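Q: Residue numbers (our numbering), protein chains in the order written: chain A, 1 to 340; chain B, 1001 to 1278.
Check the hints yourself; a few may be wrong.
[Unchecked claim] Partial list, derived from the structure: chain B residues whose beta carbon lies under 10 Å from chain A:
id	residue
1	Val1244
2	Leu1259
3	Glu1262
[To be verified] Some residues of chain B that are not near chain A, with every Cβ distance over 10 Å (derived):
id	residue
4	Val1028
5	Gln1104
6	Ile1105
[Stated by the list, open to error] Which stretches of chain A does chain B cover? Using the computed rule of at least three CB atoms under 8 Å from a CB of chain B, they are:
id	stretch
7	28-37
8	136-148
9	166-178
10	269-278
11	293-307
Since the hints were derived computationally from the structure, they do not count as laboratory data.
Only a predicted model underlies this, so the values are computations on that prediction, with no experimental measurement involved.
For glycine and all other residues, C-beta sits at the position ideal for the given N, C-alpha and C.
Below are the chains, spelled out letter by letter.
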Amino acid sequence: MSSIALRLTGSRGIAVVLAVAGWLAKFVAVVLVIATFSFLLVHAAPGDPAQVIAGQSGAADDKLLSQLREEYGLDKPYIVQLATYLKRVVTLDLGYSYRQQRPVLTLLAERMPATLLLTGSAFLLALIVGITLGTLAGVRAGKWSDMMLTVISLLFYAMPVFWLGLMLVLLFSVQLDWLPAFGYVTIGVPMTPIARARDILWHLTLPVMSLAAVYLAIYARLMRSSVIDITHQDFIKTARAKGLKQGRVVVRHILRNAILPVVTVAGMQAGSLVGGAVVIETVFAWPGLGRLTYDAVLQRDYPVLLGIFLVMSVIVIILNLVTDATYRLVDPRVTTRSAS
Amino acid sequence: MDTLKAFIRHPSGMAGLIILASIVMLAVLAPTLRPDDPWDMIGAPFQPPLSEGLLLGSDMLGRDVAAGIMYGARVSLTIGLASTLAAVFVGVLIGAVSGYCGGQIDDVMMRITELFQTIPGFILAILLVATLGPTLSHVIVAIGAVSWPPLARLTRAEFLRLRSREFVQAAVCQGQPSIAVVFRHILPNAISPIIVTGSLTIATAILIESALSFMGLGDPNLMSWGFMIGAARTVIRQAWWMSVFPGIAIVLSVLAINLLGEGLNDTLNPRLSRGGRH
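Next comes chain A alone, as it looks inside the complex (with noise of 0.2 Å):
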């Protein structure tokens, strides 16, 4: 305990300190510049924001809409209006489906374990498998494998993620019925909860595979181009010249250092992730925030929407905190740099 306490009066607890601040400072800009996007988009449609509010039903009744006027303030000045939209996000009222008859948190809510599942598992499965299959390329660089993983990673990297879930779908359910094509569990089965968890992995294997097949190609290329720039270095030269085995030269000297870029590119597409989770889950029917996207867009659940967009921002903010926090556990000085 002693220790902890002492390394966060130095230098580097100021940084964390510091870190931390600056990602609250970030978290609080982007909600709130979101939440007053959504607010101009409600504004910029077209018709009445009471009615868009409502659902755009059209069947909607004059109580309601004006019970809407009223509740959203829609009487009163933009910049009142908009501060009372703010109050509201603030206190995570995010409002409530008129279509769905349900408050749009507890919507989100019960979807968010499904989609936090899929793209986590993508993410982790992209991150590992890219940064494996990179290495050996890297290490390997001008052999018949390394040419493989370059144009495979181009194909995969031209495909449209939904086209590669319904493909897989082709090959792995309707052909060789290996895997189920969609859904989250199998329905209407009794089951303990550990058959039940196993039951989850297998309906979650097509969606993570669909969905980490870009990501992977990516990080696959990019940690081949750095192993390669990194074995040229003089450090590499002088641990072989020290008599260390490969192995050790590439886990110990290549791989920490090689992994930085892949870790910054990761952090940086995490929303292209997230985005790609709504097209799979769609696809494979997989009942996350993706599929209530789908939902709310074929009603225009125009609330819905809008808090779908706050809280998968928020899930990348989230992310981005994640590769941030990886970086600094594997390149100790970023801590240092940040500091001074």
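For this one, chain A is given, so just place chain B on it according to the hints.
A: Coordinates of chain B only, in the frame set by chain A:
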């Protein structure tokens, strides 16, 4: 001219150019080769590929899949190009002002750019199209709105780099107005990386467009690849061809543009490493 020669000798770049040229040809010739409306029923539904008069089969409403792909190429390429032009305009403007002015303006503009990079772009695009209404121009605006940040950052970096170079300083010392310095001296020297990134942006724009129309947010009057796949999704067990072929069209176009972009990168910026794409 040397650049052109170098590009012709670039095998994957040329391959990309040839594939892309063929797709453009198909798009241009669509009304000649298939004069019928791609939405019209021209045969029995669920006809597999190579059946009578239907090279790629028909869909569940008896529409010609091949015709759909040709007309879809028009939509995808138009949206890809137009939204990229919009993104280049916005990105270069913001990047140029940011990099040239520096200081607090730079600070504020880069904060905004960073913010747009944090927001999940695809969801923002969904929200924009859903709110403004699914028309061709709104889809272009939405894709442009989520595609400009990398271009802004790139332009800013180039402007920062070039601003301190002697020839730019010389122009400033001669008393040339800022507009002249930017347009006559800095921009021409920053243009090749912008072209390369811009060409790769077209590929991403096509992917976003296909995902939007897959989600049912394309212009309902225009046949598009994403829409075809989205509509055929539910019958994939019975009719694989309806979703396989439009997907191949997307992969080929995006792949061709990426190869072309990398070829341009290698010939226009020979000193930059090939890994500098991300």
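Q: Indicate, hint by hint, whether the structure satisfies it.
A: Quick rundown of the hints versus the structure:
1. Val1244: This interface hint holds because 7 Å falls under the 10 Å limit.
2. Leu1259: 8 Å, holds
3. Glu1262: Since the shortest Cβ distance to chain A is 9 Å, the answer is holds.
4. Val1028: 22 Å, holds
5. Gln1104: 17 Å, holds
6. Ile1105: Correct as stated: the minimum Cβ-Cβ distance to chain A is 18 Å, above 10 Å.
7. 28-37: holds (count 4)
8. 136-148: Result for this restraint: violated, n = 0.
9. 166-178: Held - the stretch 166-178 of chain A has 5 residues with a Cβ nearer than 8 Å to chain B, which meets the minimum of three.
10. 269-278: holds (count 6)
11. 293-307: holds (count 8)
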